[in-house]
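Trainee: Going by my numbering, the first residue of the sequence shown is number 1, and it counts up by one from there.
Be careful, since some hints might not be right.
[As the list claims (entries may be wrong)] Listed below are the simulated DSSO-like cross-link pairs for lysine-lysine, each with C-alpha atoms no more than 27 Å apart in a straight line:
no., residue 1, residue 2
1, 183, 246
2, 119, 183
3, 119, 356
4, 247, 210
Just so you know, these hints were derived from the structure itself, not from any lab.
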Amino acid sequence: MTGRRDRHTALRTAAARPAGRRRTLRTAGALAAAVSLSAGCGVVPGTTGGSGNDTVTVMTWAPDSTAATNKPGMPAMARAYARWVNDAGGIAGHKLKVLTCNDSNDSVAAAKCARLAVKEDVAAVVGSYSQYSDSFFPPLESAGIPYIGGYGLTTAEFTRALSYPVNGGQPALLVGLGRELAKNCGPVALVRPDSIAGDELPGLLDAGLKAGGHRAAHDQPAAEDATEYAGEADRALAQATSGPGKKGCVIPALGERTNIFMDSFRRARAHYPAVRTAAVLGNVDQTVIDASGGPAGPYEGASVTGWYPVADDPRWNAMKKVIDEQAFGDNRVDPADAGVQTTWIAYTVLRAVLEKIGSGRVNAGTVRRALDSGLAVDTGGLTPRLRWPLSGPFAPAGFARLANADVTLQAVRAGRLVSATKGFVDVTGPLQETDTD
1 MTGRRDRHTA LRTAAARPAG RRRTLRTAGA LAAAVSLSAG CGVVPGTTGG
51 SGNDTVTVMT WAPDSTAATN KPGMPAMARA YARWVNDAGG IAGHKLKVLT
101 CNDSNDSVAA AKCARLAVKE DVAAVVGSYS QYSDSFFPPL ESAGIPYIGG
151 YGLTTAEFTR ALSYPVNGGQ PALLVGLGRE LAKNCGPVAL VRPDSIAGDE
201 LPGLLDAGLK AGGHRAAHDQ PAAEDATEYA GEADRALAQA TSGPGKKGCV
251 IPALGERTNI FMDSFRRARA HYPAVRTAAV LGNVDQTVID ASGGPAGPYE
301 GASVTGWYPV ADDPRWNAMK KVIDEQAFGD NRVDPADAGV QTTWIAYTVL
351 RAVLEKIGSG RVNAGTVRRA LDSGLAVDTG GLTPRLRWPL SGPFAPAGFA
401 RLANADVTLQ AVRAGRLVSA TKGFVDVTGP LQETDTD
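Start from the sequences and build out the full structure, keeping to the hints where you can.
Mentor: The structure is reproduced here in structure tokens:
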């Protein structure tokens with residue numbers, strides 16, 4: 001959820017990632033892959049398999065080493081997945097080769113990644129993260145390359161004909177969070193990036209609040225590259241405590257800067273009446289909660305919406321086994337990270353496509369035709385069965401390609417992110433009422 005308007009200065013400062021398990025990269029190959037990703041666009045095979053007709057080449061991109069949100073675990077997960085399937089003989093007789101690219105949270109770099117995908121004649125871009133859809137979609141579309149399982153940052157991922165999303169993106173998360181908070185919150189303050197992607201968030205949250213009979217949130221744009229948010233925390237707390245009755249709610253949605261905001265919030269909240277906090281997955285995960293103090297930290301009691309089951313759900317066991325076998329020692333591949341999870345699901349879709357094609361020729365055209373043929377993909381319960389009709393039930397709201405309107409409701413209890421309800425919550429109704437103009 002980042003991306004400066006053109007009038008702003010480009011990001012240049014370095015951002016610290018949330019603390020996770022500090023594991024040492026165990027091989028020189030893993031170190032080389034990390035260097036290659038941070039260096040920019042590059043060809044990084046997920047395997048040493050050949051490059052003949054039985055090899056399917058795909059690409060995964062994400063930002064790394066930027067001042068905004070970074071997702072290096074997504075390309076790293078893609079490479080681990082390729083090693084795993086190739087060790088088992090491939091998919092339907094096809095070896096998998098993964099190319100990676102650093103989109104650098106930059107529109108020029110995002111376009112460069114897309115042009116590299118075209119140059120390398122990839123069959124698909126799979127499990128990727130970029131906010132610059134206006135830069136990467138045109139090159140992909142000109143070559144007919146499908147975009148499978150984007151992170152869901154921008155509305156374009158739910159409108160473009162060659163996009164095949166696996167989750168409901170920011171629209172579903174914000175709408176689901178708004179509907180949940182409407183039950184128990186007084187005034188709501190949303191602190192979000194002063195950016196192109198950030199501009200989409202208030203309307204989505206408000207759609208969920210409206211569905212629950214609540215008035216609109218106070219929209220508070222903030223710099224996405226700040227090193228402290230004392231002023232923003234004070235303003236958010238003042239807004240959230242401005243009315244009598246139910247406790248107000250503060251929702252930080254600043255990507256990796258959410259934790260920096262919460263440091264300022266923790267200091268400021270002592271001067272105001274008590275408020276609730278809430279967030280969407282991607283801004284907050286278990287590693288962020290741990291780094292901020294666990295049960296004694298500012299997230300305790302917070303409501304969180306996610307796309308998928310919580311990280312300790314047994315439905316993730318297959319992914320964790322692959323990580324343990326193929327990415328052990330690579331601290332970029334965190335099974336609790338929503339980006340890593342999205343990449344896993346996106347490659348599950350790719351696997352279903354290759355199995356449908358079988359021994360036939362695999363290229364962007366045949367992958368696209370398989371996806372458009374009514375293929376329904378079973379993700380092992382991590383999402384509903386996925387399929388992408390040409391115009392689904394969300395087309396009137398501007399989300400023609402949205403295929404998954406389910407979210408999970410979670411909460412931070414005793415320092416752990418746990419399920420707040422059983423199963424998924426379908427937010428189709430309020431999503432259909434969302435105004436995307």
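Trainee: Are the hints correct? Go through all of them and say.
Mentor: Now for the hints, and whether the structure bears them out:
no.: 1; hint: 183 / 246; in the structure: 10 Å, holds
no.: 2; hint: 119 / 183; in the structure: 51 Å, violated
no.: 3; hint: 119 / 356; in the structure: 26 Å, holds
no.: 4; hint: 247 / 210; in the structure: 18 Å, holds
Going down the numbered hints, you'll see the structure goes against just number 2.
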